[in-house]
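Asks: Take a look at the letters that make up each chain.
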Amino acid sequence: SQTIHQWPATLVQPVGSPLSLECTVEGTSNPNLYWYRQAAGRGLQLLFYSVGIGQISSEVPQNLSASRPQDRQFILSSKKLLLSDSGFYLCAWGDRDEQFFGPGTRLTVL
Amino acid sequence: GNSVTQMEGPVTLSEEAFLTINCTYTATGYPSLFWYVQYPGEGLQLLLKATKADDKGSNKGFEATYRKETTSFHLEKGSVQVSDSAVYFCALKAMDSSYKLIFGSGTRLLVRP
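These protein sequences, in sequence, are chains A and B.
Note that the working numbering has the first sequence beginning at 1, numbered continuously upward.
Note that the working numbering has the second sequence beginning at 1001, numbered continuously upward.
The hints are simulated quantities; they were obtained by calculation from the structure and are not laboratory data.
All figures in this text were calculated on a predicted structure; none of them were measured in a lab.
Be a bit skeptical, because a hint or two may be false.
[Unchecked claim] Not everything, but these chain A residues come out facing chain B in the computed CB check (under 8 Å):
hint	residue
1	Y34
2	R42
3	L83
4	L90
5	D95
6	R96
7	P103
8	G104
[To be verified] One-sided and incomplete, this derived list gives chain A residues near chain B with beta-carbon spacing under 7 Å:
hint	residue
9	N32
10	G43
11	L44
12	L46
13	Y49
14	G94
15	E98
16	Q99
17	F101
18	G102
Where is the CB? At the ideal position from N, CA and C, for every residue including glycine.
Looking at chain B on its own, in the form it has when it is part of the complex (with noise of 0.2 Å):
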């Protein structure tokens, strides 16, 4: 079945640090590929997302790419803001008619100033 395995949290970096967190996934066929940010309080917002192998999703300065080879959609940023702070889901979606998608675990980033 599908499934998204993300790095278990929480992620502690200063600011203008590097960021990655990795996202792998479980799937039958190439289905589209998203990032979800949920700052504190509030509900998920779209952060990027990508439908293809080899598809780059880019947003607010986060970064995505689809590797087919490798099953992953590793999030990256090059230089995290204390405003980044929140929690991240990686997520896929399904390829029936549903649409209903399938959330890792979520990972919290803490930025520190």
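Okay, chain A solo, but in the shape it has when bound (with noise of 0.2 Å):
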């Protein structure tokens, strides 16, 4: 069966600092890969999606970017955190029936 691996489970961060999320999927290939957003009290928002190795598209224009360095790794990044990055990130991968859904990360900028 396939399983999502997220970390870290939760991050505190200063303004200004960097990050980055790791997502890891098992028992599937060339996945289909996702970073959502949920912002607190509000819906998902789509950031990134890639539809394979070295292939990225964003959804939304912001100070993040995603990598896929191999087949079952899905990295966010950010060179400069801002408080509006505050959220809980979640990772997914997917097929043509449906997503599947990591345990996320809560991130807080400070």
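With the hints as a guide, bring the two chains together.
Replies: Rendered as structure tokens:
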């Protein structure tokens, strides 16, 4: 069965610091991968998706970036965090039938 | 473009009450439709889905019917429990190869004993 790992589970970072969130998937090959953000009390916003290694599509302009160095690894990064980057970050993998979500990373920028 | 509209919450019900959470969508063609549930502090779990018009998705006592004529996918449950307290998201899947999901804003359900 498929499993999605995300780490860290929680993170507190100062404004202006860098960010790296990692997501890995097990039990599937060549999945589509996704990064979503959920701001406090709000819905889910798709940030990036990837249909293959090195292929990244950005949905929303922002100071975040994503990379997919391996088939089952998806990384979300920032060079300088903003207060508005606080939120709950969810990684997901999907195929033509459905999407499966990881446990999420709660990021607080102070 | 594609979009999903959900009723705003929070929805507060007593245990064993009937639940309806409205969801309507705008899309080109006939996308697959989903309901996801998010329990406090957790990620999203697929609750149910429907892939074509008139399909009924069901799971854990929840049901939703894909209504093409009204472009709706309302979530219902006949008798809610305290353990159903969570945030519910309606979503549709893009019909291109990205398979990305477009979510509604979510509806928080609070069930009181």
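Asks: Which hints from the list above does the structure break, by number from lowest to highest?
Replies: Violated hint: only 3; rest satisfied.
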